[in-house]
Structure formats: structure tokens, C-alpha cells
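Trainee: Residue strings, one per chain:
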Amino acid sequence: MGDRDLFSMGQRITDVNFETVAFDYDSFKIKPSEVGKIEQVAVYMSQNRKVVCVLEGHCDERGSNEYNLSLGEQRAQAVRAHLVGLGVGAERLQTRSFGEEKPLDAGHNETAWAKNRRVEFALFR
Amino acid sequence: MKTWQVVIVAACLCLAGHGNAQDLVVTKSGAIKTTIDLNALGLKNGTDPQLFRATLAGDLDRSGWFTVVSDGRAGAVAVFGNETAAAPTFSVQAGVRNAQSGQVYFNRKYQDNGTGVRRLAHQVADDMVFAVKGVRGIASSRIVMLGKQGISKELHLCDADGGGLVRLTRDGAVALSPRWTPDGKGILYTSFHKGFPDVFRLDLTSQSRIRVAGYAGMNSGASMSPDGKQIALVLSRDGNPELYLLRVSDRALTRLTRTRNASEAGPSWSPDGRQIAFVSDMAGKPHVYLIVATGGAPKRVTFLGGQNVDPDWGPDGRMAFSSLRGGRYQIVVIDPASSREQVLTNDGADYEDPSWAPNGRHLICARVQSYRSELYILDTLGDPPVRCGNLQGEWTSPDWSAP
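From first to last, the protein sequence lines stand for chains A and B. The numbering of the first sequence is our numbering, which starts it at 1 and goes up by one. The numbering of the second sequence is our numbering, which starts it at 1 and goes up by one.
Possibly wrong hints are sitting among the right ones.
Quick look at which bits of chain B chain A covers, simulated, 3 or more residues with Cβ under 8 Å [unchecked claim]:
(1) 174–180
(2) 184–197
(3) 201–212
(4) 288–300
(5) 307–313
Derived from the structure by calculation, the hints contain no laboratory data. All residues carry an ideal CB built from backbone N, CA and C; glycine is no exception.
Make a model of the complete structure from these sequences and hints.
Mentor: Have a look at this one:
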């Protein structure tokens with residue numbers, strides 16, 4: 001996946017969805033509760049060899065936009081490293097951080113923030 | 001804190017220069033000012049002359065050095081002059097004199113050469129500040145910032161008074177971290193308009209832009225060295241966000257940090273171009289570090305506060321950053337040599353993303369209250385925060401031009 005043009009990655013797969021990986025505030029550590037979600041993606045990718053995946057990292061709205069972009073990237077990279085550890089080829093995995101710019105929940109409370117601290121799996125064929 | 005205020009007052013008195021002690025007024029709260037009036041500025045009625053007068057008066061007030069008195073009252077110094085030609089080549093002869101001694105600080109002819117009456121007034125205001133106070137004005141400087149439009153953020157430009165708003169991008173995408181190039185002719189910024197966060201350089205003269213960095217992963221936080229030869233930026237091409245230098249001439253990359261388990265962000269160059277301040281969470285929480293631009297071990301410079309982010313190194317060597325204290329982000333200024341701190345804000349709002357004015361006295365930042373962000377100007381000599389102009393909408397990430 002040397003080419004970073006999203007449109008050259010093929011067709012976005014919309015009929016397969018994986019649960020997002022959740023993170024603690026200001027952390028990129030993968031929690032034990034989240035490991036199973038990543039393993040499911042690893043299994044799917046081992047069974048679908050032509051599928052590539054963009055790992056999209058996100059943060060809650062608190063703090064510096066610029067630092068949050070880095071933190072979102074670090075979260076995506078942490079999931080990427082975990083998938084590689086499970087045998088998924090690194091060349092099939094790309095990271096894309098949105099920082100705090102694409103919240104899932106527009107609320108300004110801990111429930112919304114917890115939902116927004118996440119890594120999403122965008123699959124392409 | 002008390003001692004610090006005394007030092008500031010003493011500094012103001014020294015800087016007051018030509019003014020006599022009785023000509024100085026202390027406003028309700030804040031820095032010491034010299035009174036100035038525009039009674040002897042003879043301008044015709046009409047749109048251009050009145051826009052010129054209003055812009056000049058506003059600029060002198062915002063300079064931080066003057067209080068403009070009106071209603072025929074006399075100030076310690078007086079603006080004098082008259083209109084010598086009408087639009088399209090609106091021209092004025094303008095000067096400033098000491099009301100008591102009659103000493104003329106300067107007297108000059110100005111003509112609008114196509115940039116407009118407002119820019120002309122900004123130039124006159126800066127010349128007046130320099131002539132009377134011997135310091136650099138800010139009226140002619142400009143601010144680049146992000147304006148929220150739905151889910152996208154577009155680059156905008158305005159004058160230091162918030163007027164002259166121009167929209168620079170129409171990408172329908174999120175942009176981040178705009179920063180002026182040191183020559184004031186271009187803007188480096190991060191944009192998602194091609195899908196991934198890449199760094200672009202917008203040339204304001206030609207209105208063209210080029211992609212500066214589009215490596216795998218994240219490309220962000222670009223900041224050009226004072227000599228224009230290198231760009232400090234954060235890339236994740238080697239596996240996680242790290243600080244790099246990109247040489248402008250041949251795009252050669254030098255990696256400066258190696259923090260496998262930490263993220264870097266937000267580089268800012270020292271005025272002499274020898275050091276770079278940046279954010280890293282290598283100690284668990286984001287703090288400000290310094291690194292020599294030729295490489296070496298990062299040195300931590302912030303220890304107070306839960307988080308310290310968005311450092312901006314000012315023209316006189318002081319550094320501003322946003323610090324999480326008591327649950328709010330406050331703007332703090334430190335002298336990296338002495339580590340002495342000055343906290344500029346404490347009104348219950350969050351203040352983020354500070355950027356120094358070219359005068360080394362004022363800063364612009366985003367003030368967030370009730371989840372709405374507006375631009376505010378802060379004063380290190382004690383004037384209270386003021387909203388930047390009358391900008392409507394939601395604004396973030398301001399960067400003040402160097403020239």
C-alpha cells in the first residue's frame with residue numbers, strides 16, 4: 001500500500017463491520033477488553049487475502065488538536081502493531097489519524113468522550 | 001506574582017520613552033498608556049476618510065501603548081494631518097506631535113497604492129507607534145486561522161484587528177495547524193483534502209499549493225526554520241509519530257526523536273533557529289521539550305500542569321504554551337533560560353494554541369467557552385484579553401505573521 005490515494009485502494013467494504021477498539025483518556029495502550037475485537041479482524045483478513053485495511057485513529061475533543069492528531073495516529077499504530085503480531089502482513093495495513101476532528105458522538109460528556117476515543121477498521125477490496 | 005507586576009510596571013515606564021510622567025494614564029486594569037487624540041487630523045466626510053480614521057484610531061488603541069481620547073479632549077500626544085487626494089489614490093499627510101512641547105515625532109505623506117484604505121491606516125498606525133514609543137507595531141501584521149464550516153475547517157486570513165477577512169481554501173475538508181513561513185509569503189498547514197493528513201504549502205502570491213509531505217501515516221505540524229531552509233514536522237512513516245527535519249532544497253529527511261512509545265507534536269523554532277520546542281508524551285503526559293536542531297537528547301522544559309501543549313517561541317526568546325491547570329487550559333509564558341513563568345489567563349474559559357505577535361508583547365489564541373472557540377488577543381504587559389475584531393463564526397488555530 002505504497003500509494004496513499006484512498007480511491008486506488010479499491011472498493012470500500014460496507015457489508016462487514018467490526019467493533020471499534022476503545023481507549024482510555026490520553027492513552028494508546030490496548031486494553032485486555034479490546035484484544036478480542038482486533039483478533040476478529042485478524043481472522044477475517046487471514047481468510048480474505050485481497051482485503052486491505054485502513055486503521056482510523058480518533059480522540060475525544062479535550063486538549064490540543066495537533067497533539068490529538070498524533071495521539072490518534074499512535075492509537076492506530078498500536079492496533080496495526082497488534083495485527084502484525086497476529087500475522088497480518090504490514091503491507092495490507094495503513095493508518096489514518098483524524099485526531100479529534102471526527103467524533104462519533106457530538107456530546108460533551110464522559111459517555112461521548114469514551115465513544116470517541118477509538119480506532120475504526122475501514123476495509124477495502 | 002507581585003514582584004513580576006512591579007517589574008512589568010518598571011519596564012513600561014522605561015519603554016514609555018518620550019512621554020512625560022503626567023502624560024501617562026493607568027487604565028482600569030492593565031498596562032500604562034499614553035493618551036492620544038485625533039482632533040487635528042483633518043479628513044473629509046465620506047466612506048474612505050472615515051474608514052481611515054476609524055481604522056487608525058482602533059489600531060492605536062489595540063497597539064497597547066495608547067488610549068485614544070475623543071469628544072474634543074486633548075491627549076498627551078496629538079495626531080495631525082490632512083487628506084491630500086481622494087480615492088482611488090486616497091492620500092494623507094499625517095504626523096504625531098507632543099501636545100505640550102510641540103515636538104514633532106514624524107510627519108509623512110501616505111498614498112493608497114491599491115491595497116486599500118484599511119491597510120494604509122495600519123501602516124500609519126505602526127509608524128506612529130514606532131515614532132513615539134520606539135517599538136514595533138502590530139497593525140500591519142496578519143493572522144491566519146481556521147474557520148469551521150460544517151464538518152470542515154478552511155484556512156482564512158485577516159488583519160490584526162480582525163478586519164479584511166479572506167477565505168483561502170474551499171476544500172470541504174479538515175485542515176490543521178496553519179503556520180506562516182518566515183517571509184510572510186506562504187502558509188504551511190495540514191489538510192485531509194486528499195484523504196490522509198498531509199502537509200501542504202500555500203503560496204499567497206500565486207495562490208498555488210504544493211504537497212510538502214505525504215508519507216505513509218501522518219504528516220503534520222510543519223514549521224519552517226527562521227532561515228527558510230528546513231521544515232520541522234511530525235511524521236509516522238517509521239511506525240509512530242516522531243519529529244523530523246525536511247530540508248527544503250532536496251526534501252532530505254533527518255529524524256530527530258526516537259521515542260517508540262511516545263507521540264510528538266507541534267514543533268516551534270527558537271528565534272535563532274538553533275533549537276526546536278515540541279510536545280512529547282514520553283513521560284506519560286504531553287509536555288514541552290527542547291531539542292537542538294542538529295540532533296541530541298530532548299530536554300524537558302515544563303513541569304507544572306497536567307498537560308503542556310502547543311508551544312510557540314516568540315521573537316524575544318520567551319515561549320508561550322497552553323497548560324492544563326485546575327481543569328482548564330491556560331496560556332503560560334516562560335523564559336526557557338530561567339524557567340520563570342507568567343500565567344496570562346484565568347477567567348474560567350479554556351485558552352489554547354497561542355501565537356506570538358511580531359512585537360513580542362501580544363499573543364493571539366483560541367478561547368473556548370461553552371464549546372465555542374473564538375480568537376482572543378492577550379497582553380504580556382497586563383491588558384485584559386480582548387476578542388480579535390468582530391469575527392462571526394467559530395475560529396481556531398491562529399498564527400500571527402512574523403513580518
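Trainee: Hint by hint, say whether it matches the structure.
Mentor: Evaluated hints:
1. 174–180: Since 3 is at least three, the answer is holds.
2. 184–197: holds (count 6)
3. 201–212: violated (count 0)
4. 288–300: Violated: only 0 residues of the stretch 288–300 of chain B have a Cβ under 8 Å from chain A.
5. 307–313: Contact hint for the stretch 307–313 of chain B vs chain A: holds, 3 residues under 8 Å.
Going down the numbered hints, you'll see the structure goes against 3, 4, while the others check out.
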